[in-house]
Structure formats: C-alpha cells, structure tokens
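Asks: Given the coordinates of chain A, work out where chain B should sit on it, guided by the hints.
Line by line, the protein sequences are chains A and B. If you count by the working numbering, then the first sequence holds residues 1 to 245, one letter each, in order. If you count by the working numbering, then the second sequence holds residues 1 to 241, one letter each, in order.
No lab work stands behind these hints: they were computed from the structure. It should be emphasised that the depicted structure is a prediction, and the values quoted were computed from it without experimental measurement. Here a beta-carbon is modelled for each residue, glycine too, at the ideal position from N, C-alpha and C. Each hint should be verified, as a subset may be incorrect.
As the list claims (entries may be wrong) - Not everything, but these chain A residues come out facing chain B in the computed CB check (under 7 Å): (1) 92; (2) 95; (3) 96; (4) 180; (5) 181; (6) 195; (7) 198; (8) 208; (9) 223.
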Amino acid sequence: MTVVFAATPVIPNFGGGSSQFACERANRLFCPNWVSRNWATVLWPALRQHVELTLIAVAIGFVLSTALALTAYRRHWVERPVLIITAILYTIPSLALFELLEPLPGFGLSRTTAEVALVSYTLLILFRNTLTGLREVPAEVRDAARGMGMSDRQSLLRVELPLALPAIIAGLRIATVTVISLATVASLIDNEGLGSPILAAISNEVFKTELIVAGGMAVLLALLADGLLVLLQRRLTPWTRARAV
Amino acid sequence: MNNFVEAFKFIGRNGQVPGAPPLPSLVHLTLETVKIAGIAMAIALVIAIPLGVWLGHIHRGSFVAINVGNIWRALPSLAVLAIGVAFLGIGLGNVLLALSVLAVPPMITNAYVAVDGVDRDLVDAARGMGMSGWEILRKVELPLGIPLIFAGIRTSALFVVSTTTISALTGYSGSLGDIINNETSYHLSGVLGAAICIAVLALVVEFALAGLQRLVTPRGLKLAGREDATSAFVPIVGESS
Numbered sequence: 001m002t003v004v005f006a007a008t009p010v011i012p013n014f015g016g017g018s019s020q021f022a023c024e025r026a027n028r029l030f031c032p033n034w035v036s037r038n039w040a041t042v043l044w045p046a047l048r049q050h051v052e053l054t055l056i057a058v059a060i061g062f063v064l065s066t067a068l069a070l071t072a073y074r075r076h077w078v079e080r081p082v083l084i085i086t087a088i089l090y091t092i093p094s095l096a097l098f099e100l101l102e103p104l105p106g107f108g109l110s111r112t113t114a115e116v117a118l119v120s121y122t123l124l125i126l127f128r129n130t131l132t133g134l135r136e137v138p139a140e141v142r143d144a145a146r147g148m149g150m151s152d153r154q155s156l157l158r159v160e161l162p163l164a165l166p167a168i169i170a171g172l173r174i175a176t177v178t179v180i181s182l183a184t185v186a187s188l189i190d191n192e193g194l195g196s197p198i199l200a201a202i203s204n205e206v207f208k209t210e211l212i213v214a215g216g217m218a219v220l221l222a223l224l225a226d227g228l229l230v231l232l233q234r235r236l237t238p239w240t241r242a243r244a245v
Numbered sequence: 001m002n003n004f005v006e007a008f009k010f011i012g013r014n015g016q017v018p019g020a021p022p023l024p025s026l027v028h029l030t031l032e033t034v035k036i037a038g039i040a041m042a043i044a045l046v047i048a049i050p051l052g053v054w055l056g057h058i059h060r061g062s063f064v065a066i067n068v069g070n071i072w073r074a075l076p077s078l079a080v081l082a083i084g085v086a087f088l089g090i091g092l093g094n095v096l097l098a099l100s101v102l103a104v105p106p107m108i109t110n111a112y113v114a115v116d117g118v119d120r121d122l123v124d125a126a127r128g129m130g131m132s133g134w135e136i137l138r139k140v141e142l143p144l145g146i147p148l149i150f151a152g153i154r155t156s157a158l159f160v161v162s163t164t165t166i167s168a169l170t171g172y173s174g175s176l177g178d179i180i181n182n183e184t185s186y187h188l189s190g191v192l193g194a195a196i197c198i199a200v201l202a203l204v205v206e207f208a209l210a211g212l213q214r215l216v217t218p219r220g221l222k223l224a225g226r227e228d229a230t231s232a233f234v235p236i237v238g239e240s241s
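The following block holds chain A by itself, in its conformation from the complex (with noise of 0.2 Å):
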C-alpha cells in the first residue's frame, strides 16, 4: 500500500546512512537522542491519536453493544442472529476488513474506515460479556426487586446492571486491548496512530529504535488501559471483593 511511504512526517525522522548522528547511521536497537528529537513532532502526536482512536471506537461499540444486549435481554430471539453476525465480523481478519471497507461510498483512507472496523471487533465481545452477565443475576434477586415494588425498569437500573458490572466491565477490557491492537494496523488507512511510526520505520530502512519505542509504546497503552480497568471494576463493584475474602 503506498500509504506506507506517507507516514514519514515532513521532516525526515531517520536520516539513515546519511544521519549526523553516530547511533542512527549504525541503526543501533536504542537511539535515545532520536527518541527526544522525535518526541514532539512524532511519537506523542502518534500517541494521542491512538487514544482517540481506542475512545471513539469503544464508547461507540459500547453504546452499540449495550442497547444490543438490552434488546435481546427482554426479546430472546434477538440473540442468535446478533451473534452470528457479529461472529462474522469478529472472525474478519483487520488487514482485509479495513481494505474492503476503503472503497465503499463515504469511506476511503480516512478515519471514518479505521473507526467503523475497530467498532465492529468490539461488538461480538461487548454484546455477549453484558447479555450474559444480565442473565446470570439470580432469578431470586430479581423476583426480590419485584417484591419491593420496582417497577422492571427501576430493577434493571438499579439491581440487575449493577450486578452484571463484573462481566460488563471484562468485556470492555477485552475490546478495549482488541482495539488498541488493531488500532495500529489501521494506520495503513488512516495514517495515524503508533502504527504510523512503526509502518514509516519499516520502510525507512526498518530504523530499530523507532520501531521499538513506537511498539513498546503501543504495548504498554494496551497494559496500561487494562490495569485501569481492572481499577475502575474494583472501584464500582467493591463487593465482588469483599465478598472474595
């Protein structure tokens, strides 16, 4: 894809063989000097754009997925042909899902395409983390809310969502480290993202040092956005803890 070659930034971030700095002409594993010229310009813009990408794609697929689940948690024949076609989309592998998505009306190598394919990997989880976490409260629980006067909506809101917290919130950690994974394949459509340096360093010669920051940087966002869900999951639901013990 031509693309690639795109996603060197205007000033060229790896001189090569013709670079005035020792490390970078020896293409060494870690250039440090580079790291803090290209900090700015390159690598934290490729950050930030990372994280939107991951945010637009998840809070859509939540909102998508939720309302799903609702549906299919009161009309029971909703589910099957949800889960069958969010399968399908799951199953598609990302290269080939952003491709056949480019040359569809409204889409091209833009960030619409990237978001679309990233939203459609986070519904099969979501749907299915949250339909089950509703079904498995007790039928007892609910038959309780009932007794004290709730009406199906007050006991959804206030008994039966709380208590699919857990399973909501391990599938927002699933699809959350799923899109940040597939979120660097789509800089080959949209350009942006830690994928952009890792593709720009590849065809610049495969340049070492940037391919290992901008990897280790998508590695540690992925660790870093799981453990804070891990903590927002204890924070809401701090009975499942104490109830561990």
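Replies: Chain B in isolation, oriented as in the chain A frame:
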C-alpha cells in the same frame, strides 16, 4: 461497486494482473499463509496445551495461567512483530516467533480453566474407583475439558491466521498480506481480491475447527446439551486481530 467486480476477476485470474509480469499465484500465497500459520500453531500447541492441562490437573498456578494469560493477551500484534523485527531482522524466524508467542496465552488459559474446572465430585468418584492420577486425567478430565480446550485452540488459530497476513506490513513477504501491502503492483482490485481471500480463509478455518470440535467432543457431553448450535461458532473470549 465496479472495484468489487474487478476484485473477483482478479481472483478468477488466480492473482495475475493483465499486462504485468507473472506474479505469485493466489493459491500459492494462500497455501503459504496456511503453512506459516500452521507451523506457528504447532509450536504454540506443543508448549501451551501440556502446560495448561498439567497446571489444571494439579490445580496450581492459576495466577500464571489466568493473569499472565490476560496480560499477554493485551499485547498488540503489530507492535510485537515490529519489536521482533528490530531484534531479529525481517524474516520467517521473527514471524514464527511472534505468532507462536501470541498464540500461547488463549490456549494455556482455556486448557487450565477446562481441566481445573472439572467437577471435583467426578474426580473423587474416579479416584474412588481406583484410577491413578494419569487415568483420571486421560479418562475424566480431558474428555470433559475438550470443548473448552478446543475453544482456546480456535481463538488462537483465528488470531494466528490474521496476524500472519499482518506480518506483511513488517516487510515479511510470503503470505496473502503481500498483495495488500503492494497496491502499486496489484492495484485496488488486487488488494480487494486479496482482502476477500483473507476473509474467506479466516471463515473457512473457523468453520472447519468448529466442525472438528464437534467431532472430538464426547457423545455424552453433546447429549447433555452443553453445546448448542451457536456456541460452536462463537469463540469463547479472545482477541481478534
């Protein structure tokens, strides 16, 4: 839509572009993709399944099997491939290493959970009948754990197939991803054709493994109705790529 028509024509020509010198055929690239994915899966299977099953059998190491599996699963595939290229250079070695590393966690976690989660009463009953630890593993725990163990294998296999195509982005040549990475030679129609082939390949692998899973699931479990029609197609939890 004309692009898609051209894409199917490209597939019909087995990956050749009119007016261009002969290119590697689609069939060849598809088989290469399957071969690389197969080797990586074989390496990962040999490491992950015995380890996960053994840890589950002795009911130890849940931290390793589950938490490390979770952390490991968070690794972005393109980032792992890229870091591998920095250390090992572009080549099959780096691709196989990255693919095997990424394929291990879902299989360890699932194999562990499958064997560890077998009803303790059943294991006690088997022990009471005089079975040794090995016999319990072979005749009770493994047959009952098969659906879950297999679900892990399916998750990994799907992941490995898609990551194999992504390896083209890190310069490795020899999979269907090559075509997507080379629009200059193949034009949009070729790229689309390759994308269709990759999607179909992944779906075929998924269906084939789902079918295989049914074949190896003990009849008793099927009769107990633990496996409904959709669960055979929907992977347990995993990460797409």
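Asks: What are the numbers of the hints the structure violates, in ascending order?
Replies: Every hint satisfied by this model.
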